[in-house]
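Peer 1: First to last, the sequence lines map onto chains E and X. Residues 1 to 337 (my numbering) are what the first sequence spells out, left to right. Residues 1 to 449 (my numbering) are what the second sequence spells out, left to right.
Honestly, the hints are just simulated from the structure, not real lab data. Please read these numbers as outputs of a predicted model, since none were measured by experiment. Heads up, a few of these hints could be off.
With a straight-line Cα cutoff of 27 angstroms, these simulated BS3-like cross-link-like pairs (lysine-lysine) come out [to be verified]:
hint, chain 1, residue 1, chain 2, residue 2
1, X, K430, E, K114
2, X, K430, X, K218
3, X, K218, E, K36
4, X, K427, E, K114
5, X, K218, X, K346
Each chain is listed here by its residues.
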Amino acid sequence: MDYEMIGITVLWFFLYGYLIVASVDFGAGFYSYYTKQTNKNHITHNIIQRYLSPVWEVTNVFLVFFFIGIVGFFPDTAYYYGTALLLPGSVAIILLALRGSYYAFATYGAEESKFYSFLYGATGLLIPASLSTVLTISEGGYISTENDGVQLLYGELFGSLYSWGVVLLAIVSVLFISASFLTFYASRAKDSQAMSLLRKYALTWSFPSIGMGIIVFFLLNKRNPEHFQSMLDIWWIFGLSLVAFALATYFIWQKKHLGIAFILVMIQYFLAFFGYGAAHLPYLLYPYLTIYDGFTNETMAISLIVAFIGGLLMLIPSLYLLMRLFLFDADYIEGKK
Amino acid sequence: MFFEYDPVIYSRILTYVTLGFHVIFATIGVGVPLLIAIAEWMGIKRNDPHYTLLARRWARGFVVTVAVGVVTGTAIGLQLSLLWPNFMQAAGHTIGLPMFMEVFAFFFEAIFLGIYLYTWDRFKSKMKHFLLIIPVAIGATASAFFITTVNSFMNAPQGFEIVDGVLQDVSPLAAMFNPATPTKISHVILTCYLTSAFILGTIAAIHILRGNKHVYHKKALHLTMVTGVIFAMGSFLVGDLSGKYLHEYQPEKLAAAEWHFETETEAPLIIGGILTDDNEVKYALEIPYALSILAGGTPDTEVIGLNDFSEDVLPPLFVHYFFDLMVFIGMFLAGVSLLFIIMSMKKGWNPFNKLVTWLIIIGGPLSMVAIQSGWIYAEVGRQPWIINGVMTVEEGATTSPHVDLMLWLFILLYAVLGVTCAGVLRKMFKNNPVEHELEERGLSHKTAQ
Ligand code: HDD
Ligand code: HEM
Ligand code: HEM
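Take these sequences, add in the hints, and give me the full structure.
Peer 2: Okay, here's the thing in C-alpha cells:
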C-alpha cells in the first residue's frame, strides 16, 4: 500500500468511527426528546442518560480527528472544501456547538428544560443532514472553479434529488443505528420496558434505512455514473452488507442476541461505507482532486503515520478502560453505581 | 459595517472573535486540571476532606467550561480551514504533525475526564481516583504544547524550503521545534496555570469578602495564592526571555511594542503615552536602559528601531498598549500573590483583610485580560504576515463572499453560549453552597487542623 492509501484508510476509519458513535448520540438525543413529547420519557430516560454522560466528548473528538487529519494528509482539501464549504460548514459548527454545550449545561448544571431537550433532539437530526452534504459535494458537479475562486453552486445543491436522498439516508440511518444500540444497552441493563420500546423504534427504522440506501445508490447513477460503475464492480460488498442488515433485523425482531445484532448493524454500515469509499477512489473531489495530487510530502506522511501508531498505542488501553467501566460494567448500566 | 465587503477583513475579525472566545475556556482548560490535582493530592496527604471537596467542586464547574472549550475549539479547528484555506494548505504540508498530535492529546484527556467525573466514589482507594486526574492534566497541557508549536511556527517558520514556488525538504520536527517554540510554549503554559489559579482565587476571595468565615474558603485561597505566586514568577521570567527571543528573530514586533524608532543602545522602555502624527512619544513614562535589558540582558544591547524597516512590513503601532497592559498585569499578579503569602507567614497579620481580598478579586478577571492582550500583541504584532516572511494574511484568506454573515452568526452564538454558561455556573454553586455540601457529607464539624 502506498502512503496515500494508508492515509485515506486511516481517515476513513475515523469517519466510520464517528458515524457509529455519533449516530448513537444523535439518535439518543432525538429519542429522548420524542419520548418526552409522548410522555414515555420515564421509560427511556435512565438508559439514555447513563450511556451518554461519560462519552459525549469522546464522540466529538472523532470528528475533530477527521478534519484535522485530512488537512495533514491531504492539504489541498483545505483549499477546495474549505473555500466551498464556508456556509454549510459554519452551519454545522453552530449546530454542534449548541448541541454540545447545552447538553453539558443540562447534565452537569442539572437544569432540565423543555427548550434544552428540544435543542438536543432537533440538532441530532440537523447535524447529520448538514454534514452529509460534504459527501454529496464530493460527487462533483456542485462546485465551480470559474473566475479563479472555488464556489459552491447552491441552486444545484438544493435542487438535486441526489443531495436530498443523501440527507434522508443520513437521518434514517442515525435513527436506526441508535435504536439498535440502545435496544442492546437496555437489555444489558435488564430494563425490559425500555428495551421493548427501543426495539420498536429499531424495527420501525430498519426498512426505511435500507430502502433509502438502495434509492440513493440508484440516484448516484444519474449523478456520477463513473462512481456508480465502480460500486457495481464490487457489488458483493454491498450484498454482504445487505445480509448483515437482514440478520441484524431478524435478531432484533426475535429479541435474541441483541449484542450480536448491534455488531451486525456495525458490519452492515462498515461494508457499505468502505464499499462506497473504495469505489470513490482515487477521487477526493470529482473531478478536481485525487488522493495523489492532493497529498502531503513524504516526510510529513511518514511522521503522521508514526504519530498515529503511537497515538493508537496510547488510546486503545484508555478506550478499553472507558468501555469496561461504563459500557460493559453490568452494575453501572443497571444503575447500581 | 463601515467599510466595503472584504473577505480578508471579515475573516480576521471572525478569527479573532472565535480565538478570543476559545482562549478564555482553553486557558481554564489547561490550568484548572492541575489545580484540581493539587487539591485532591493535599486532601489525601493531609487527610483533610476540605481539600477533597475543593477538588470535587472545582471539577464540577470545570466540566461546564470544558464543554464550551470543546465546542469552540471544534469551531476554530474547522474555521481555520474555512477562513484560511490557503494558509491551511501550506500549514498542512509543514506543520500538520503537531495539529494531528493535538487531537490525540484531546482524545486522551477526554477519555480520562469522563472516567474521572463518574468515579468519585467507585474505587476503594482514594489514590486510584487521584491517579485518573493525572492524564487529564497531562493531556490538557500537551494540547496547549502542540497547538502553541503551530503558533510558534507562524512566527518563526522553518523546516522547509521553497524552490520556484514549490515546497521542498520538509522536516516536521524542525518546523515544530523552531526558535519561537521554547519561550512561547513555556510562557503560554505558565500563564494558563497562573490565570487558572487566580480565577479560582477570585471565587474564594469573593466568599470571604461576603463574610463567609468557613476555613474551606481560606484553604482554597491559600492554595491558589501559593500556586499563583510560583507561576507569576515563572511567567515573569519567561516573559523576559520572550523579549530576548523577539529581539533576535522578530525585532519589528518588539520595536512596535515599544514605539522604538531609532536604532540605538541604552534604549529606554516606554510605558503608556500617546503617539503624535509625526511619531513623537508624549506623556509616557520612560525607564532608562530597560528595553536594552529586556532585549539582550545588558544596557549596551543595540535595539533595532522601526525606521530601519520598510513601511509595508510594519505591524500596527497600537500593539504598544496591549503589551503594556500585559506586563502591568503580570507585575500586579506577582505583587498581590506575594503580598498575600508574606502576610500569611507573619504572625499577627491578617492576609484576609479587605484590601488584599479586593486585590485578589480583581486579579482573576485581570489575568484573563492579560491573556487576551498578550495574544493580541503576539498576533497583531506579526502583521502583515500570517506565516512570518512567507505568506501574508491576504494571501492566506478565503475568497468566499459570505464571511460577513458568518461573523454575525458566530457573534450571536458566542454571546448566547457565554451568557448561558455563566448563568449555569452561578446557579450550580448557588443552589448547592459549600456549607450545605459539607453537611451532606457529614464534614461540617470536622475541621482538620
Ligand atoms: C496572564 C497572562 C500573562 C502575563 C501576566 C504576561 N504575559 Fe506575556 N503573553 C501572554 C500572557 C501573559 C500570552 C497570552 O500567553 C502570550 C501571547 C502569545 C504568547 O506566546 O503568549 C504572551 C506573549 C508575550 C510576548 C510576545 C511573544 C511572541 O510574540 O512571541 C512577550 C514579549 C511577553 N509576553 C512578555 C511578557 C512580559 C515581559 C511579562 C511580564 C510580566 C508578561 N509577558 C506577562
Ligand atoms: C495557537 C494557535 C493559533 C493559531 C494557529 C492562530 C492563527 C491565526 C490566524 C490564521 C490569524 C489570521 C491572520 C491574522 O490576522 O494575523 C490569526 C489572527 C489573530 N489571532 Fe491567532 N492564532 C492562534 C492563537 C491565538 C489565540 C489563542 C488568540 C487569542 C486571543 C489569538 C488572537 C488572534 C488575533 C487577535 C488575531 C487577529 C489579528 C488581526 O486582526 O490583525 N490567536 N491567528
Ligand atoms: C488555532 C488554534 C486552535 C485550534 C485549532 C484549537 C482546536 C481545539 C479543538 C478542536 C478543541 C476541541 C477538542 C475536543 O473535541 O475535545 C479544542 C479545545 C481546547 N483547546 Fe483549543 N485550539 C486552538 C487554540 C488553543 C490554544 C491557544 C490553547 C491553549 C493554550 C488551546 C487549548 C484548548 C483546550 C484546553 C481545550 C479544551 C479541551 C478539553 O479540555 O477537552 N486551544 N481546541
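Peer 1: All the hints need checking, so say for each whether the structure fits it.
Peer 2: Checked hints:
1. X:K430 / E:K114: holds, 22 angstroms
2. X:K430 / X:K218: The given pair, whose Cα atoms are some 19 angstroms apart, holds under the 27 angstroms limit.
3. X:K218 / E:K36: Distance ~45 angstroms between K218 of chain X and K36 of chain E Cα, so the pair is violated.
4. X:K427 / E:K114: Status holds; Cα separation ~18 angstroms.
5. X:K218 / X:K346: holds, 16 angstroms
Checked against the numbered hints above, the structure breaks only hint 3 and satisfies the rest.
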